[in-house]
Amino acid sequence: MTKPHRKPLWYAAMAHRLSGLALSAFLPLHFLVLGLAIEGEAELDGFLKWTDSPLVKFAEMGLVFLLTVHLLGGLRLLVLENFAWRDSQKTIATFAAGASVLAAFAFLFQVV
Amino acid sequence: MRALRLYLVQRVTAAIMAPLVFLHLGLILYAVQGGLSAGEILSRTQGSFFWAFIYGLFVLCASFHVSIGLTNILQEWTSLKRIAAANIAHTFGMGVMILGFRAVYAVVF
Amino acid sequence: MTTTHKVSIWRGGAEGDYAHYDVPARESQTVLDVVTYVQRHLDPTLTYRFACRVGMCGSCAMTVNGVPRWTCRTHVSKVTGGGELKIGPLANMPVIKDLACDMTEFFEKWQKAQSRFIPTKTRKNPMEPIKPDTPARVAANAGIECINCGVCYAACDTVRWNADYLGPAALNRAWTLANDERDGGWADRLKAVSDHGGCHSCRSHQSCEAHCPNQLNPAASIAGLKRLSTSAYLKGELK
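Protein chains in written order, with the numbering used here: chain Z, 1 to 112; chain C, 1 to 109; chain U, 1 to 239.
Source of the hints: derived by calculation from the structure; they are not laboratory data.
Honestly, I wouldn't trust all of these hints.
As the list claims (entries may be wrong) - Heads up, simulated BS3-like pairs for lysine-lysine below, C-alpha to C-alpha not over 27 angstroms straight-line: (1) Lys109/U <-> Lys81/C; (2) Lys81/C <-> Lys191/U; (3) Lys191/U <-> Lys235/U; (4) Lys81/C <-> Lys239/U; (5) Lys239/U <-> Lys109/U; (6) Lys239/U <-> Lys191/U; (7) Lys97/U <-> Lys109/U; (8) Lys7/Z <-> Lys78/U; (9) Lys191/U <-> Lys112/U; (10) Lys235/U <-> Lys112/U; (11) Lys109/U <-> Lys7/Z; (12) Lys86/U <-> Lys7/Z; (13) Lys81/C <-> Lys112/U.
It should be emphasised that the depicted structure is a prediction, and the values quoted were computed from it without experimental measurement.
With the hints as extra help, turn the sequences into a complete structure.
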């Protein structure tokens, strides 16, 4: 059967959910890496050396991106639920947040 | 009103974490300049009550937040019933909390 | 301009397929006109629902080229762009036959949400004056034009994902009643909309808002319920 047609705001909600799901998968790994410091500074450093490779760097940028997306998606939701803004204002704010994420990362890739 | 309480915990932890995430993102951008080293990270965090509190709070909120979020996703996107979804997600959240506190302990003490 | 529309219409129940028809194009032709033409001239066994044909009754909603719409208020030219016209029953409800779906659960959820008016006065009381410009009345007015067509319910992902979810229409109605000073059913309704499947199950995808043919915003109504529910909980009115 036909599924409902998607609108831009639906994609904003889905980006929030999927980024959250990805972050939850990453979180235990992140904690395990930091936990290496229990064994000593050398163990943590050994891992961090590995993260110098470009591929890992790229993946890390992806994680920072996910965190930013999830943060902005969450703020959007908090505003949506708790402030009686006008609809057009919310839509504009959503697009502004999306555009600012893209701009920030375009800038970041040039700097790093 | 369990549904309402879960909703509230989800939103309250989100509201607490929002400024923490900004702080964390800022710190990431600052710390990655010139590459990451264990010495640099540990010199900032070791013995710091401030970072222990900030990241301890972060871990606490994140583990509750991920438990509830994952429960919702599992319930809506898999054939699991609400209770089964909650059991799996809460076990995962508990694991996140333990690993998180262990990590905070590792870099602070 | 094309002289015939290539139309495919869902035939059968849960199991079925799209059947193809050629329907003559007319000036200002609505999707409901097309469906009616098929039944009168091509296949009299086609089942569909309609009544008023002018967007007042809410019975002719169908899925038109993937979008839930009132077929009576949708011009063919607006949705096909000269291409094919694909008409199916509304999503998220069991299909009875062809384009008619079973709305029993949709209406049962209205009852489950306690979304019915509970009077506080009798006809012995004098008529109560209602000021049109109080914030509560303005909020209620924003949502009262719902005619139960089921378009928002069909458009909602959460309805599809969560069998308990009461859905945008029932919750929108709960919100208008919450803002109706003549209503006396708030205590029970508050419990109903704060439980599993109530307003907190809404994921704010805003598909209801995007598709409502009356330009209502159920997502905003549900957000209002979330705020009322939260403040009632903080005041200890909800256990």
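To see whether the hints hold, each was checked on the structure:
For the hint pairing Lys109/U with Lys81/C, the CA-to-CA distance comes to about 20 angstroms; that is within 27 angstroms, so the pair holds. For the given pair, Lys81/C sits about 22 angstroms from Lys191/U by alpha-carbon distance, which is consistent with the 27 angstroms threshold. Between Lys191/U and Lys235/U, the direct Cα distance comes to roughly 14 angstroms. Compliance with the 27 angstroms bound is thereby established for this hinted pair. With a C-alpha separation of about 24 angstroms, the suggested pairing of Lys81/C with Lys239/U holds against the 27 angstroms cut-off.
Taken as a hint, the Lys239/U and Lys109/U pair is honoured in the structure, with Cα atoms around 23 angstroms apart against an allowance of 27 angstroms. As the CA atoms of Lys239/U and Lys191/U are separated by approximately 9 angstroms, the hinted pair is consistent with the 27 angstroms bound. Our distance criterion of 27 angstroms between C-alpha atoms is met by Lys97/U and Lys109/U, whose separation comes to about 22 angstroms. The suggested pairing of Lys7/Z with Lys78/U holds, with an alpha-carbon distance near 17 angstroms, which does not exceed 27 angstroms.
Among the hinted pairs, Lys191/U with Lys112/U is consistent with the structure: their alpha-carbon atoms are about 11 angstroms apart, no more than 27 angstroms. Between the alpha carbons of Lys235/U and Lys112/U the distance comes to roughly 24 angstroms, so the proposed pair stays at or under 27 angstroms and holds. Simply put, Lys109/U and Lys7/Z have alpha-carbon atoms about 26 angstroms apart, close enough for the 27 angstroms limit, and the pair holds. Note on Lys86/U and Lys7/Z: the hinted pairing holds, with a Cα-Cα distance of about 19 angstroms set against a maximum of 27 angstroms.
At most 27 angstroms may separate the alpha-carbon atoms for a hinted pair to count; Lys81/C and Lys112/U meet this at roughly 20 angstroms.
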